[in-house]
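Protein chains in written order, with the numbering used here: chain V, 10 to 365; chain P, 46 to 384.
Take the hints with a grain of salt, since some may be wrong.
[Claimed, not checked] Okay, the calculated beta carbon distance ranges per label pair:
| # | chain 1 | residue 1 | chain 2 | residue 2 | range |
| --- | --- | --- | --- | --- | --- |
| 1 | P | H170 | V | Y133 | 32 to 42 Å |
| 2 | P | E199 | V | A152 | 27 to 37 Å |
| 3 | V | D235 | P | M356 | 22 to 32 Å |
| 4 | P | R113 | V | S158 | 51 to 61 Å |
| 5 | V | R163 | P | R317 | 28 to 38 Å |
| 6 | V | F39 | P | L129 | 24 to 34 Å |
| 7 | P | A177 | V | Y133 | 45 to 55 Å |
| 8 | V | R141 | P | P111 | 29 to 39 Å |
| 9 | P | L156 | V | I57 | 27 to 37 Å |
| 10 | P | E322 | V | Y133 | 48 to 58 Å |
Just so you know, these hints were derived from the structure itself, not from any lab. For each residue, glycine too, the CB sits at the ideal point set by N, CA and C.
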Amino acid sequence: MPDTGVPVTRPAPQAAARPLLRLERLKRHFDVSPPWLARVLERKPRAIVQAVDGVDIEIARGETFSLVGESGCGKSTVARLVVGLYPPTAGRIEFDGADMGARRGRAEMAAIRRRMQMIFQDPYASLNPRWRVFDIIAEPIRAFGLAKSGQEIRQRVEGLLRQVRLTPADGVKYPHEFSGGQRQRISIARALASRPEFLVCDEPTSALDVSVQAQILNLMMELQRDFGLTYLFISHNLAVVYHISTRVGVMYLGRLVEVAATDTLFRRPRHPYTRMLLDTIPDLEMTGRRRAPVAGEVPSPINPPAGCAFHPRCPFANDRCRRERPELLAAGETRVACHAVEEGRLPAEERSYVRA
Amino acid sequence: MTSLANAPLLEVSHLRVEFPTRRGTLVAVDDVSFDIAPGEVLGVVGESGAGKSLTGAAIIGLLEPPGRIAGGEIRLEGERIDNLPYEKMRRIRGARIGAIFQDPLTSLNPLYTVGRQLVETIQTHLPLAASAARARALELLKEVGIPAAEARFEHYPHQFSGGMRQRVVIALALCANPRLIVADEPTTALDVSIQAQIIALLKKLCREHRTAVMLVTHDMGVIAETADRVAVMYAGRLAEIGPVRDVVKQAAHPYTRGLMGSIPSIGERSHRLTQIEGSMPRLTEIPPGCAFNPRCPHAGQRCTRERPDLMPAGRTRAACWLYDPQGVGAPLRAETVDA
Ligand SMILES: Nc1ncnc2c1ncn2[C@@H]1O[C@H](COP(=O)(O)OP(=O)(O)OP(=O)(O)O)[C@@H](O)[C@H]1O
Ligand SMILES: Nc1ncnc2c1ncn2[C@@H]1O[C@H](COP(=O)(O)OP(=O)(O)O)[C@@H](O)[C@H]1O
Ligand code: SF4
Ligand code: SF4
Ligand SMILES: [Mg+2]
Ligand SMILES: [Mg+2]
């Protein structure tokens, strides 16, 4: 059995305690009607992208919850909603019990914001090129008033640089003097500067080479152990997600179609889309398993198919699927939004992605 | 190796690509040699900046000045193509070598319909009348798996999804039935599900037309599924080359081993992935001796002084003194965990 060595970084989900983050029926729609759209597409009437269309997630303290799915399914939009870069169209975000949509004073809001930070995919774009690394990392410390003196700021920044395996001497340099992996370390140091409990990581290693990716993932797992961090982790790389996550949510066209503990998801995926995604993982072991070339592509989120949005690509679709949208329901150890699973037409089966 | 039937289609020998700069000459590709047989897929891997794309650009004659080929030879079906005048190379590029790049949009003209671009490309290289060119274009769109090709013919590139655009680019590259396709990160911008489709397509073409493919990517998964042989580049040089199975499963070069180890795989979970310490040197800071020596757990004194060339190493060829009878010399540092 491969999971005899379940690492310390993946504590069992604690059901009892209050979740650190709770998303309830969260929605974000974008109006992409002409004239903006007319330039890109041909003239069309009002168009609304339902980027996130009713997502429920609870993330427990200390766990890593990952979102996976094809490009455009709404992963980054969820991330941006959580850290407040977009206001929700509908639904609720609760952080440590506090409703993020409630009116609050500036100081109270800052106190909450300090506790959650975001790491972006592109370490080039997310650092101010005109600032020295020292000032980039010191900025949140100054902004949130987390140090009493210049001396204390210096100590904090130097400590952070060491934590991400850079040196205090790197502080005087500018971002362009670093490689992609080193820049991502700088973003991580900056994200940690306000001593957050919760990090939203949107494809933090997707722009990096595999060898650099391994360094960054190791660093993230170490930091999580050392500081008890909670991660919302976004990636389209299923092998990376397998390594780092406690639980995984699979998204398709703005909705969650399956949520399960990592091992359960990879061993007994229930949703036809989850199975399809797993079938496309490249076979590095060269077992001869053929990647199933998937039929079709993600349909436009502007006019998502009626009923189950996956039905045009689904081998199990029937009339009900074309009419009625499936809800995310408990099915054994997972939660799945699929009529076939609910009706018992699609039994659970062990899959062999996890090498025994 | 050079029996006529199996004569290599492409032979690259001692290729060197340089960039003259104010602070001196940068050698971005250094003494790179390999060949590709008809119908063979050679994967070229390595981290960004290793020189993969420049090697590809040198072969298709699209090095951007001031970059230039400063040494070595490139032969296509025995004929030298590295020193041809621009016009002549342009004709070879459409007719005998097809190119596919990472971003399909760079290969497509946004102002023309997909059909028109295909017909024009076909007519540039083949003596076909408009109606015959159109028929061939439709045939190509069907071959690369574009559903409803007739209807799609009149559409513009922006009306296609990313995966569909990359199919169109492949169709464009195939217009004149090239003998060689140079594909630089053709699936990197695509979702894994679409990646699998594009790879299946490339393999089918290779099989059915005996087209040779140089597949540049940093994605080992793509290589493992597609390539017959793999060349691993590091800091402008070949670190290792060999049959795909051997490179993936029992690499000889410490860098390749580290690279393979750092790929997360499903089923083997630990609190730590294997990692190679440090990073690839910049072109201005390539250390003397073996370029990998500052990061190598096996480095010896000799590695800091003498540069290894490719040599037989188990089932592959690797540029590493570990496989030389004289070895690496006195150890440089205490050996850490095996890469
Ligand atoms: N600011 C915006 N204005 C209009 N549409 C948007 C905006 N942001 C996102 N969208 C659309 O919302 C949908 C979801 O986008 P999102 O960026 O969340 O996808 P993603 O899952 O992160 O994809 P990727 O894997 O490509 O990063 C897409 O169709 C996208 O085009
Ligand atoms: N126009 C240029 N001027 C100077 N250096 C360049 C230029 N183009 C590429 N290089 C350098 O050549 C090296 C190899 O580049 P490239 O072949 O694009 O790498 P890869 O495709 O393996 O990522 C890199 O170090 C890159 O910075
Ligand atoms: S609800 Fe129907 S169409 Fe949707 S995934 Fe399940 S079986 Fe397929
Ligand atoms: S030549 Fe020396 S430094 Fe280079 S890879 Fe081999 S052992 Fe390591
Ligand atoms: Mg995204
Ligand atoms: Mg490149």
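Hint by hint, here is what the structure shows:
The hint said 32 to 42 Å for the Cβ distance between H170(P) and Y133(V), and at roughly 39 Å that hint holds. For E199(P) and A152(V), the Cβ-Cβ distance of about 54 Å falls outside the hinted range of 27 to 37 Å, so the restraint is violated. Roughly 44 Å separates the CB atoms of D235(V) and M356(P), a value that falls outside the hinted 22 to 32 Å. Taking 51 to 61 Å as the suggested C-beta distance range, the pair R113(P) and S158(V) conforms, at roughly 56 Å.
Between R163(V) and R317(P) the CB atoms are about 31 Å apart, so this pair conforms to the stated range of 28 to 38 Å. Checked against the given bound of 24 to 34 Å, the beta carbons of F39(V) and L129(P), roughly 50 Å apart, lie outside it. A beta carbon spacing of about 48 Å between A177(P) and Y133(V) agrees with the range 45 to 55 Å that was offered as a hint. One distance hint, 29 to 39 Å for the beta-carbon pair R141(V) and P111(P), holds here, with the actual separation near 32 Å.
With their beta carbons about 29 Å apart, L156(P) and I57(V) fall inside the hinted range of 27 to 37 Å. Hint check: E322(P) to Y133(V), Cβ distance near 23 Å, so the stated range 48 to 58 Å is violated.
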